[in-house]
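Using the hints, build the complex out of the two chains.
Taken in order, these protein sequences are the chains called A and B. Numbering (the numbering used here) for the first sequence: 1 to 298. Numbering (the numbering used here) for the second sequence: 1 to 596.
Hint data in this document are derived by calculation from the structure and do not stem from the laboratory. A hint or two may mislead.
What the hints assert, rightly or not - Chain A is faced by these chain B residues, among others (derived, beta-carbon under 8 Å):
#, residue
1, 68
2, 85
3, 147
4, 149
To be verified - Within a straight-line C-alpha distance of at most 25 Å, the following computed SDA-like cross-link-like pairs (lysine to any residue) qualify:
#, chain 1, residue 1, chain 2, residue 2
5, A, 23, B, 143
6, A, 134, B, 80
7, A, 73, B, 68
8, A, 23, B, 590
9, A, 73, B, 595
10, A, 122, B, 70
11, A, 143, B, 148
12, A, 134, B, 148
13, A, 23, B, 595
14, A, 122, B, 73
15, A, 73, B, 591
16, A, 185, A, 170
17, A, 23, B, 465
18, A, 73, B, 52
19, A, 28, B, 596
20, A, 73, B, 64
21, A, 134, B, 85
22, A, 134, B, 81
23, A, 28, B, 49
24, A, 73, B, 41
25, A, 134, B, 147
26, A, 276, A, 215
27, A, 28, B, 42
28, A, 143, B, 143
29, A, 23, B, 147
30, A, 143, B, 147
31, A, 23, B, 41
32, A, 143, B, 85
33, A, 134, B, 84
34, A, 73, B, 596
35, A, 23, B, 591
36, A, 23, B, 39
37, A, 73, B, 58
38, B, 373, B, 243
39, A, 143, B, 595
40, A, 23, B, 596
Each residue gets a CB set at the ideal place from its N, CA and C atoms; glycine is no exception.
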Amino acid sequence: MSEAVVETRNLSKVYRDFWGRQKVRALKALDLEVRRGEIFGLLGPNGSGKTTTMKLLLGLLFPTGGEALVFGKPATDVRKNERIGYLPEESYLYRFLNAEETLDFYGRLFDMPAATRRERTKQLIDMVGLSNAKRRPLREYSKGMTRRIGLAQALINDPELIMLDEPTSGLDPIGTREIKDLILKLREQGKTVLLSSHLLADVQDVCDRIAILHHGELKELGRVDSLLTIGDETVVRAAGLSDAAKREIQAVIERHHGSLVSMGNPTTTLEELFLKIVHDSTARPGRRITGSGPGESN
Amino acid sequence: MVIDTELLPFFIWLPLALGSWLKVTGILCAVAILFSYLVAAVRNGPVRGAQLVGAGLRGGIADLVFLSPRRTFALARLAIQESLHRRVLVAFALFAVILLFATWYLDEATDNPARLYLSFVLTTTTYLVLLMALFLSVFSLPNDIANRTLYTISTKPVRPSELVLGRMLGFALVGTVLLTVMGAVSYVFVLRGLSHRHEILPQKVTSAGDSQAAGPTSGRTELAQNHHHDFQLDADGRGRTDVAQGHWHSVQVVRDGDRVTYEVGPPQGALTARVPIYGKLSFKDRTGTPTQKGYNVGNEWTYRSFIEGGTLSAAIWHFSGLQAEMFPNGLPIEMTIRVFRTHKGDISKGILGRLVLRNPETGLSAPTPFVAKEYSTDLQMIPLELTDDQGKKVKLFGDLVTPAGQLDIQMQCLELEQYFGMAQPDLYLRARDASFTTNFIKGYVGIWLQMLLVVGAGVMLSTFLNGAVAMLATFAMMLAGSFVTTIRQLAFGELPGGGPVEAAVRIFTQRNLTTKLEPSVTTQAINLFDEGFRGALKTLLAVLPDFTSLSDTDYVVHGFDIPGDMLLTHVVTTLAYLVPIFVAAFLFFRTREVAR
Ligand SMILES: Nc1ncnc2c1ncn2[C@@H]1O[C@H](COP(=O)(O)OP(=O)(O)OP(=O)(O)O)[C@@H](O)[C@H]1O
Ligand SMILES: [Mg+2]
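Only chain B is shown next, with the shape it has when bound in the complex (with noise of 0.2 Å):
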């Protein structure tokens, strides 16, 4: 899983984010007044068109002030009911199918089956929710506009903010409840999907000592679903399996006189939300000299640096805040590395590594070396009491942990020409595990978010379009809102090959991105046209909504558990964006002629 950007905490963030929230729908705010003058004044002369301006504003606020709780939520049972009409429910059916038939082809033997159930119930519901949101929210209004409903409604006390609000509470609903229904039919799923057990023959059962009665043993689970474990017992007969798929077992022996057996449980640590603590990352090149990048191997993609083996090269994370209590058991370094070979070795084995752990106000440091493991996520703990480069034992905390909780770790490469890759979230400490059920909730919350925003977006946009319009619009939304990464580099210029008449400049030149265009007057021309399409993303950019963003299932997905500071983010941002998308609505709602 790819974390991009830092998360500011919540109180840090608030400040910024509600200062430019300020700043756009004021600047919004001022834009539709002038322009709703500029047709009143066309329309209806200068003086005129300022009554109806300042009448329309008037009203619209009035509606907002003596909006009847009553009226909106008569209105959003109505929603409900005309949503269960349009068999809303058939949404759910096509779920239920869906999840019997997946069984078919979700794959048990891949490596991650956990991960693989979950992004495959995340995504399921994401879009049969979406989809329905979008469906309901957007046909609703124009239909009743078609059937003239609307009539004996808006001769009614009816206010539009009333209507308006009335729709995207009545669909917010019926989309909470659907969401909800999935998610634990969901949770189910993914528990059954995952729940297995193994069997132990007692003939696979090796002990080390010399009779079976006593001593440690160890032996190799049979085949379930396309894996098995092997597993240690201590001299009790108890213990655990490896992990094997994401998860392990624990293994008991049950003795009935003669007979033995062998108890193996559910599995376990299949579903997690961890909660790392992330350090800074810094590199040292080969000489040892600091610098803010290790070397690139090749890749276009420069998420990861590496570093080189048997030279000083490192990969240094910076910690900070660590405590005590926070490790009871020692330090849980859990590390994802990747491994560029540039010859082949000894293929059948890993690359030797070493951590060094180093107190950065003594330089106090102690290693201890690993096999890195490709492709697979490794957890190292690292005891209490370790011994440092000159043989000595020293104190995790006391004599590697500064007072204040920093510490460096230190990532070195041992073999002479192979390399590791890394980037900052790689490496972190497990401190502890969150409840996954949370953190999967936490998750649906996200959909849920969406959901909302569809619904919203939806109504506003079904009040001057007709249904299939809006459709086409709010899904153009949500498209847009999905590549908002790509539409600020292009429009920042962070794109190799300039903006749209440069690029097409180049492909019927024939010319490869990085080339300078020489300087001339057409150039200019180009850069200028380039540069007021740049503007016009920029204003799209400061409107539009991040709309994968809001949701965190990758979190759920890779078991990570979702910071409570993101999701709060998320949960004001998008309120902060229903907020006017509301106002916007019903203000379009009210200039509209209800008998057209």
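If we strip away everything but chain A, and leave its shape as in the complex, we get (with noise of 0.2 Å):
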């Protein structure tokens, strides 16, 4: 088993007002792992958590209970911020300057050199596809473009960790399909990505494991592939069959005449699955005990 990247404990959260009253309880102790390597998607409805489990993660806020911990250090830990690439929920970007002056500027952020700021700008830039606005302001920005300086932005530093909130919000299909061929050549260079999402098929596409989140608790954790399997159903898939044979496709497959291509155990969709999950939660209030599923078993 891989070394561990994230690593939450019994992490919890509340929001409070000025007064110091209890306004919401945002994360409920949660328990995560996120390994080197993998790509590992951060599911749940509208406020379940997601964000703030991101921040926490960031040292953007403090727990409130827990620990949060990243390359083994507290989350608190600035040094951490060198190997760590962040793209925020919405880009929050300085308007005024252009993608130029801001890549250039969280560049110095890290200390980097002229030469590297320059060369690594033009990089980004292009890899994004900004190489046609690249002078304009930032507040001319349409939200996809917006979204992608705001990617390039996050990988100024080549971090070994990257933390994506929502990154396709707001792209259209090229671009998101762009973002997720990204994000696994991210992966095949050995990097680490959390991404978070509600859009399922994306993060069906190019996660290796994902935890759904709920009113902040976590109510699922694993594997995609093994989240996604039904045990005890069977498909075939066939092709080349006439129309007699495909009535006759029952008799067919017993006495193995078509040419079998699949056999296996057929998947529902994680929409489904996701449903599914969200709809027990709310029927049945409650922690659900996680690390019992398939998932856990690689």
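Below you can see the structure in the form of structure tokens.
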């Protein structure tokens, strides 16, 4: 089992108002582990605590209880930021800077020398496809363009761990595809990616493991492929059959005349799983025992 | 101009100031650590609390040690870009507009236009620059938190110390540039505003001799800027005008065949930076007995003491450290005398007085009579050779000034039942003049120091207050810092009427300020409360910067050189405030959740 890059132990967060009165219990005793080299997805309906978890891991919030560890150190340690890239929910960038100035500025914050900054800036702008708009101030950018420069900013330091809060929101289908390819490429380079999303198809395509949150509680945790497997059903996919053969398909299969293309367990879609969990959890509130799922057996 | 506190030489001041600085910052640190421990202990228990405070302190020190210049400058640059984006240049445009319209209402006919112009530009610059510094510094961090742009920055390896210092540096730099430009524009504005020439019509010139061709001539110039000058020319046709509105002109005859014209130079002496040598003042009463104070003629404000005319009453300034090289042309005594007339006398004439220069060791003395000019500064040039009371010739240096450089200058009023009033700085030796331009710059350095303090305090307060509240708090600090003298008097019970409760009691019972309250339990309670109030004020005084005193623009306006020691003192004082302000700012910021 590879080393844990992100680890939370009993992590909980209560938002309080100015007078210290409790407002929202956004996260309840979360235990998570993200390992080196994997793509980990945080799923959950709106307000379930995904962003809160990320902010705790980044040290933007201080935990009310428990621990958030990144690279084995408390999340409030600034030095971890050297190895992290973060794309916030919305791109919170200076609107009076243009794309080049933005990347140059964040490069400086990593204490990068000028030559490296120039090179990285050019490379990233090309990568996110903003070469034509690199001299325009960000205030003129469309939502998708803002998202792209946000992503470029998150990668400026060639980070080991990348946290992406809803990376595909606001992107067109091509952009979404590009981001997904990029995420997979990052994994090939040995990086760890932690992303949150409610676009389930995206998560299904790229994530190795997922955690599903609801009302600040962990509801499901495991490998995507095993989570979506239904054990007691079989599916057969066939091709090249005539109409007559189709009518006789049952018999044909029994007699092994058609060419058998595949045989295995059918999978549900992630959407179905997601809706089922949310439905179950609303019907029977409370903590669901996790870790016993099939995903934990790897 | 009133100089009420004596200036300590820098190197005598420094150890004293450093001592009290260490004491105050030490106490502040101790209080801060104790307080944060108490909070942490209540929240997390005594042991965990101690660990948390320890970790916080270690983190704070690491933030200082590992501070990266490149990151800090990147953040400073961002602060500058932000300022430009927030249209700081509007402040400059405003300044230009104010100057354009100022010429309409700056009255040229006052007896000292230079003072008017200088005080106008210096005040305008001060207000504009300080306001700008206040707005920039106070809204920056809260804006970044509200726009959440800080999320993206805080998740980079940026330390709170860099975040705070970068902002302070950036805004300070913006303020510096703005101040420099405004200073340069002001300088030109003052020079141009004061510049003028007078015409001299030949028919207004009279010759003392029999013909116009030779001999000393005198005359009067034409009006310019609402004044004219009388002038004297020597036999060579060279000379100068008298002083009007604080300046004079050189005049020269230009002969072109038979045509005689007069060339008048630009105004001189309006913009000065006098370097005065002050003496220690003591008095003699009407019987000639030495006292510390003169007579009070009924003013509530006892800054000036008075001497009585026609008696032995005198004011004596004791000078020391005078050397012959400092005064090659004689002893220039500049004085501003208040005259208090108990009867009108001859109102068109000044009151007669005399200055007696006296050797404090041998008692040898030489008198010089003078006529007191009311409401204006008078320059008496005492020659290097004078006659003593017996009519014998005496030398200024050699006979009157002691070898150690000591000299007493005694002033008397010669007319019965008239009074002269004076304070120590009212008579001084004008040894030399420093460069006005340098002094002008020194004046701007004072404003610069104030600006730095506003930027520092603004950023510091905005680390834990929201923009509007931080602005009010900074403004309150500036305001309280302008009343340090009054607060000090209140704190040490030097003002009549007592503390707030006692004063309130006096108002409601309609008692005057000086009658003692009769001793009773109530009075004791009142005193107890007021004592507590004074204690609070004393605590406040220990940390409150004396904001107005940092800027010495008064010196520039009144034409005095800002002493280098004083400027240095102010620079160090500002620094002494900025260091703890910076440390407090980033420590506050460390404890703050960025994503709230
Ligand atoms: N600053 C805050 N103050 C008070 N409550 C907050 C704050 N931020 C988040 N919350 C609450 O915490 C809970 C979790 O919010 P969070 O932003 O983590 O959800 P999320 O899973 O990211 O949702 P989404 O999918 O909409 O982004 C919500 O109930 C939200 O109202
Ligand atoms: Mg979210």
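Status of each hint after checking the structure:
1. 68: holds, 5 Å
2. 85: holds, 4 Å
3. 147: Where the cut-off is 8 Å and the nearest Cβ of chain A is about 6 Å from residue 147 of chain B, the hint holds.
4. 149: Since chain A brings a Cβ to about 5 Å from residue 149 of chain B, closer than 8 Å, the hint holds.
5. A:23 x B:143: holds, 24 Å
6. A:134 x B:80: Measuring from Cα to Cα gives roughly 21 Å; hence the hint holds.
7. A:73 x B:68: holds, 22 Å
8. A:23 x B:590: holds, 23 Å
9. A:73 x B:595: holds, 20 Å
10. A:122 x B:70: Holds, because 21 Å separates the two Cα atoms, which is no more than 25 Å.
11. A:143 x B:148: Between residue 143 of chain A and residue 148 of chain B the Cα gap is close to 17 Å, so the pair holds against 25 Å.
12. A:134 x B:148: holds, 23 Å
13. A:23 x B:595: holds, 15 Å
14. A:122 x B:73: With a Cα-Cα distance of about 22 Å, the restraint between residue 122 of chain A and residue 73 of chain B holds, given a limit of 25 Å.
15. A:73 x B:591: holds, 18 Å
16. A:185 x A:170: holds, 21 Å
17. A:23 x B:465: Distance of about 21 Å is within 25 Å: holds.
18. A:73 x B:52: At roughly 15 Å apart (the allowed maximum being 25 Å), residue 52 of chain B and residue 73 of chain A satisfy the hint.
19. A:28 x B:596: With Cα atoms ~18 Å apart, residue 28 of chain A and residue 596 of chain B stay inside 25 Å; holds.
20. A:73 x B:64: Holds. Residue 73 of chain A to residue 64 of chain B sits at ~20 Å (cutoff 25 Å).
21. A:134 x B:85: holds, 19 Å
22. A:134 x B:81: Measuring from Cα to Cα gives roughly 18 Å; hence the hint holds.
23. A:28 x B:49: holds, 23 Å
24. A:73 x B:41: holds, 23 Å
25. A:134 x B:147: Given that 25 Å is the threshold and the Cα spacing comes to 22 Å, the pair holds.
26. A:276 x A:215: holds, 15 Å
27. A:28 x B:42: holds, 23 Å
28. A:143 x B:143: Satisfied, since the Cα-Cα distance of roughly 22 Å is no more than 25 Å.
29. A:23 x B:147: Holds, at about 22 Å.
30. A:143 x B:147: holds, 16 Å
31. A:23 x B:41: holds, 23 Å
32. A:143 x B:85: holds, 22 Å
33. A:134 x B:84: holds, 21 Å
34. A:73 x B:596: Judged against 25 Å, a Cα distance of about 23 Å means the pair holds.
35. A:23 x B:591: Satisfied, since the Cα-Cα distance of roughly 21 Å is no more than 25 Å.
36. A:23 x B:39: Holds. Residue 23 of chain A to residue 39 of chain B sits at ~21 Å (cutoff 25 Å).
37. A:73 x B:58: holds, 15 Å
38. B:373 x B:243: Satisfied, since the Cα-Cα distance of roughly 13 Å is no more than 25 Å.
39. A:143 x B:595: At roughly 22 Å apart (the allowed maximum being 25 Å), residue 595 of chain B and residue 143 of chain A satisfy the hint.
40. A:23 x B:596: At roughly 13 Å apart (the allowed maximum being 25 Å), residue 596 of chain B and residue 23 of chain A satisfy the hint.
Going down the numbered hints, you'll see the structure goes against none, and every one checks out.
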